[in-house]
Amino acid sequence: MKKILLAILLCAVMTGAAWAWDNRGHATIARIAERHLTPRAKANIEKYLDGQSFVYYASWMDFNRHKPPFDITRDWHVDYWTDDMRTDAEGNPLPPVSIEQTKRIIAEMADFRSLSDSLVTLNIKFLAHLVGDIHCPVHVDFPTHRPMKIKYKNKEYKYHRFWDGFVVGLVRVGYSPLSLAEELDRADDARRAELQAGDPDSWHAENTAFCEKMYKAVPEDKVLTDAYMEEANNVAGYLFAVAGYRMAKVFNDIFDK
Amino acid sequence: MKKHIFTIFALLAFAPSVSAWNGALHTAIASIADANLTPEARTKIEAALGDHSIAYYAHWMDDVQHKSEYQHVRDWHNVALSPKGKILSAKKADKSASDVVRRADALDGLARAVAALQNRNNLSAQELADNIRYVVYIVGDLHCPSHYVFTDLLEARKMKYQIEKEKKPRSYMRFWEGEAVTATFAWKNNEFVHQLNRLSPERVAALTDGSVMDWVVENAKIYRPIYSYLEPDQHFKRKEYRAWLNKSYEMATDQIGVAGYRLAALLNGLFDESMPKKSIK
Numbered sequence: 001m002k003k004i005l006l007a008i009l010l011c012a013v014m015t016g017a018a019w020a021w022d023n024r025g026h027a028t029i030a031r032i033a034e035r036h037l038t039p040r041a042k043a044n045i046e047k048y049l050d051g052q053s054f055v056y057y058a059s060w061m062d063f064n065r066h067k068p069p070f071d072i073t074r075d076w077h078v079d080y081w082t083d084d085m086r087t088d089a090e091g092n093p094l095p096p097v098s099i100e101q102t103k104r105i106i107a108e109m110a111d112f113r114s115l116s117d118s119l120v121t122l123n124i125k126f127l128a129h130l131v132g133d134i135h136c137p138v139h140v141d142f143p144t145h146r147p148m149k150i151k152y153k154n155k156e157y158k159y160h161r162f163w164d165g166f167v168v169g170l171v172r173v174g175y176s177p178l179s180l181a182e183e184l185d186r187a188d189d190a191r192r193a194e195l196q197a198g199d200p201d202s203w204h205a206e207n208t209a210f211c212e213k214m215y216k217a218v219p220e221d222k223v224l225t226d227a228y229m230e231e232a233n234n235v236a237g238y239l240f241a242v243a244g245y246r247m248a249k250v251f252n253d254i255f256d257k
Numbered sequence: 258m259k260k261h262i263f264t265i266f267a268l269l270a271f272a273p274s275v276s277a278w279n280g281a282l283h284t285a286i287a288s289i290a291d292a293n294l295t296p297e298a299r300t301k302i303e304a305a306l307g308d309h310s311i312a313y314y315a316h317w318m319d320d321v322q323h324k325s326e327y328q329h330v331r332d333w334h335n336v337a338l339s340p341k342g343k344i345l346s347a348k349k350a351d352k353s354a355s356d357v358v359r360r361a362d363a364l365d366g367l368a369r370a371v372a373a374l375q376n377r378n379n380l381s382a383q384e385l386a387d388n389i390r391y392v393v394y395i396v397g398d399l400h401c402p403s404h405y406v407f408t409d410l411l412e413a414r415k416m417k418y419q420i421e422k423e424k425k426p427r428s429y430m431r432f433w434e435g436e437a438v439t440a441t442f443a444w445k446n447n448e449f450v451h452q453l454n455r456l457s458p459e460r461v462a463a464l465t466d467g468s469v470m471d472w473v474v475e476n477a478k479i480y481r482p483i484y485s486y487l488e489p490d491q492h493f494k495r496k497e498y499r500a501w502l503n504k505s506y507e508m509a510t511d512q513i514g515v516a517g518y519r520l521a522a523l524l525n526g527l528f529d530e531s532m533p534k535k536s537i538k
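Chains as they are written, first to last, in our numbering: chain G, 1 to 257; chain V, 258 to 538.
Hints may be right or wrong, so weigh each one.
DSBU-like, lysine-lysine: derived pairs with alpha carbons at most 30 Å apart [unchecked claim]:
#	chain 1	residue 1	chain 2	residue 2
1	V	K301	G	K153
2	V	K425	V	K343
3	G	K67	G	K47
4	V	K504	G	K125
Because the hints were derived from the structure by calculation, they are not lab data.
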């Protein structure tokens, strides 16, 4: 709880201007990560991307989830199964999909030189997206938020879509992914190390708390207030920054060797 | 002066996107070119442009073409090609040829601007600035797939598509002027430079090799297949539209970078004595 309060406090001092987790949001997170790659990790990653930056691929998973062969990744973006399947055949609860896939890929990449080049390239594209997605509050299976609709300034949005694509761009405007990354990337080395601590499970727990908090803060009449928007803006700004820092850690751990 | 400043801001705010890459993509191309200018070329060019970069004036030609003194640039957007990819002269086009073919005079416009800059001692300051801005703009357009008018595919240029829940169909040619890139990447010019200005010197040398005509012939081969990407009056569900975008965005985005490198090569050859000169033919 203390940690979450600290995080919220940090939100208050960070300028969060973003569009949440649409392609601009993902590019912002990936760019923050790129700013903290070690030179060796950066060189190793770009070797697999034919010289390209992984920021270019930050939303590649979103672009390719509807058609074979990558439609198998359709459910990897969120922690619940799209068909609302929550248990296996024996009735055991299924693990959060996005977290399991992120952990699986990180483990598989531990010895990346033993993998085929094409698999390493694919896994870079996956991680450049998934580490962002597991920091999106509406990618958590908090009961009932998914069908909910809200209104802001007389316009109706699906709550999930609102967080995914609009939540903060409506409060502060004028940023592009590179400039927003620069704006949000303000933690010093010690603070950044603190924020990078943990693993996908603990990051997911923190994001779940944000999901619950922001869902419960929605007014009963579902009309979002300016106060809600300001707080959402700050929460998203914090999550962008930590997702970027943690993505950098994931990539540095894998590729700085 | 105040009036001029207001006009410049108004132009920037209401930059039209008629028959060309949209303004943001022209700016992206010029930004990449700017990053590849030699210091000597950049110094001379910026002096001619009133201490502005080429990116600042990237879509200027679009902005002025409605003015009476710039009517001549209105046909400097497209290139016409035979079914086999032979470049056709708009000047020599038969009177019965389609209007879009007879007005596909971008190469002539570029040749005139380049010739003027090669003899720039004879130009007034205004003419010098204008001809630089013509080159910046036209090289961009020569890398926009919808600016290649294939005489056997004129009907296909009228294709439209519709996305579910939208009231009006969208123009396929207009798609290639912006959406092919911007529906996937919400970048501004700093992102375009960051993402696309990273090719190896060998790759850049290969891309900028040859004449402008060589570039056009090569581009025509890359662009012709776009007419097979779409069925006439195709309707998309949202998810189908996203999957369909995957056919086009990488090529369209790559062309922004290619155009930037080639524009830099052309301008370096014109403004830096130590750099190889690029020819039109």
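Right, here's what the structure says about each hint:
1. K301/V with K153/G: Not satisfied, since the Cα-Cα distance of roughly 50 Å exceeds 30 Å.
2. K425/V with K343/V: Distance of about 36 Å is beyond 30 Å: violated.
3. K67/G with K47/G: 27 Å, holds
4. K504/V with K125/G: 18 Å, holds
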